[in-house]
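J.: Put chain B on the given structure of chain A with help from the hints.
As given, the protein sequences belong to chains A and B, one line each in that order. In terms of this note's numbering, the first sequence opens at residue 32 and continues consecutively. In terms of this note's numbering, the second sequence opens at residue -19 and continues consecutively.
FYI, nobody ran anything at the bench for these hints, they're computed from the structure. Note that CB positions come from ideal geometry on N, CA and C, so glycine has one too.
In silico DMTMM-like links for lysine to aspartate or glutamate, alpha-carbon gap of 25 angstroms or less: (1) A:Lys142 x B:Asp208; (2) A:Lys104 x A:Glu87; (3) A:Lys165 x A:Asp149; (4) B:Lys(-18) x A:Asp147; (5) A:Lys104 x B:Asp208; (6) B:Lys21 x B:Asp41; (7) B:Lys121 x A:Glu87; (8) A:Lys104 x B:Glu209; (9) A:Lys274 x A:Glu211; (10) A:Lys104 x A:Glu38; (11) A:Lys78 x B:Asp208; (12) B:Lys(-18) x A:Glu164; (13) B:Lys178 x B:Asp41; (14) B:Lys160 x B:Asp176; (15) A:Lys94 x B:Glu209; (16) B:Lys160 x B:Glu291; (17) A:Lys78 x B:Glu209.
Covered, in the sense of this in silico footprint (three residues per stretch, anywhere, with C-beta under 8 angstroms from a C-beta of chain A), are these stretches of chain B: (18) 66 to 72; (19) 197 to 203; (20) 210 to 220; (21) 254 to 267.
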Amino acid sequence: MSFYSAENLYFSYNSTPILQGVDLRIEEGSIVSLLGPNGTGKSTLMKLFLGLLSPESGEVLLKGKPLQSYSIKERALHVSYVPQSTQVAFAFCALDIVMMGRIAFESWFQKPSKKDRDLARAAMERLGIVYLEKRIFQTLSGGEKQLVLIARSLAQGAKILVMDEPVSGLDYGNQLRLLETILKLSKEGYTFLKSTHFPEHALMLGGYTYALKNGHILAHGLTCKTITQDLINELYHTNIELKQTVCGYPVCIPSFVHTTKMLEVG
Amino acid sequence: MKNSFLFGMMAVLLGVSLLISLALGRYEIDLGTLTQLLLWKLLNIGTAPKEVMLLSNIVFDIRLPRILAVILVGAALSVSGGAFQAMFVNPLVSPGILGVLAGASFGAALGIMISDSWFGVQLFSFTFGFVAVLVALGVAKIYGRSGSQTILLVLGGVISSSLFSALLSTVKYVADPYNKLPTIVYWLMGSFSSVDMKTLSGVAIPLIFSTMALSFMGKYLNVLSLGDEDAKALGVRVIWVRNSAILLATLLSTLTVVVAGMIGWVGLIIPHIARFLVGADNRVLLPMCALLGATFLIIVDTLCRTSMSVEIPIGIATSLIGIPIFVFALKNAKKGFA
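Excised from the complex, chain A in its bound form:
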């Protein structure tokens, strides 16, 4: 029985085919990175995994059962969504946003219980952002917003996090810190499905990689085996060299960077 998987997914927007027969398997506690050029259907695929869209044919299975057979509340107990950006028009503070992760557990007239509040605080504590709790969400920096949204997922209690380009718009330091957070949470048993524009980031996190192009899976498997020089060049129409550093860590070097010349200057 697969933990979380998609079988032969087809999807189109207004008769433009987006996904044409996609299979994807996610094992419990693993990190799955989705690579692929812009407009190739990464976001669509993740929305199908979240149940926000329904496939034309094929299905998404969660713990062996079709995702459609879960109620929207049950689904929220298993799977949570960390969107690329959340537009918040009204001035909610960070704790309010994290508390919203608990809404599936409250009934209509119920106020959030102390337990819900404690869970929200604990989630913020785990990510080291308790100091943000009173701050207004839209005044936070991109990195802080992402952490608040991850805290919301943790408060929701779902063990699977679906993240749409989590590092987009973050500065270099915040990108690395976010990747570190993902790695840490994955070691605690959380499962990640995330899209990324950076093959290097997939390599840093390890796990599995699926490369998506024109609605098909071009390659998939263990990240370190799947991401090759040829794959990257085919996927993005680039001309890079994938080189191993002395300690064996792979780095991408674009052809316009002349390493020998740099050595000369250096």
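T.: Leaving out everything else, chain B in the frame of chain A:
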């Protein structure tokens, strides 16, 4: 803590406005006599004041039904305005966004033209308020699932509002200019002067119920204001919540038109002032909207019926008072309309 203090203050303010409004009018009653009358009549304490029959008639039969209607309408408009602002994620939205006010106005005008009974007018108004919202929802539905549902709803509302405004103009054009047209025009400017116990008892229960139900939806509206996908992923049945909110807000808005005609601005400005006081959390905001809206409308209605020898239509007064308040509220709006 700060919030409970604010709620306490606003409740006291509402009570004081209610008392003052009961005392003021063509026949002025001093507050001492009024208190004596209320205590005697409601709680059986103390003695009856002089001219008790006359006073009871003025206070309980004439002024109280009107003031209670004002409270309910003020609360209804403000809560539905606040709820729609959260739902459409737009602080410039008012309760009329889906065409309900235009539809109800058209219905009332049509009713005045072809029906002789006041009940007929109210029935037409109520029906067409709902028809207008259905038109807006229908237009949004034509374009189906693609694109943002809220934007389609706003466009549907714009179309529906324009349609019923045009139909209203048609009714005005063909209505008898000596008997019917002045009634239509005066009625569209809004007034509580025709409210009696019968009207009040007909609308009170649905108004109270819907205002409370919508206030209780605060936490779902909070999540809805993050966008549909976020809300769904958090486990909220978005379509169900949105349709319930639209139904309740439509019921509230049409009933306000049935009771008192068109009263603009209340549903737009009160949520801003409330947000300024208690923040954006709809669980707190919507009850505060109800309190503030009721108090605001009592004050405006009292001014309308006492400041000049003839009564000022309340729709005109709310606009004239509302616009400067709105400009002030915008100036003070913190980032994100706090």
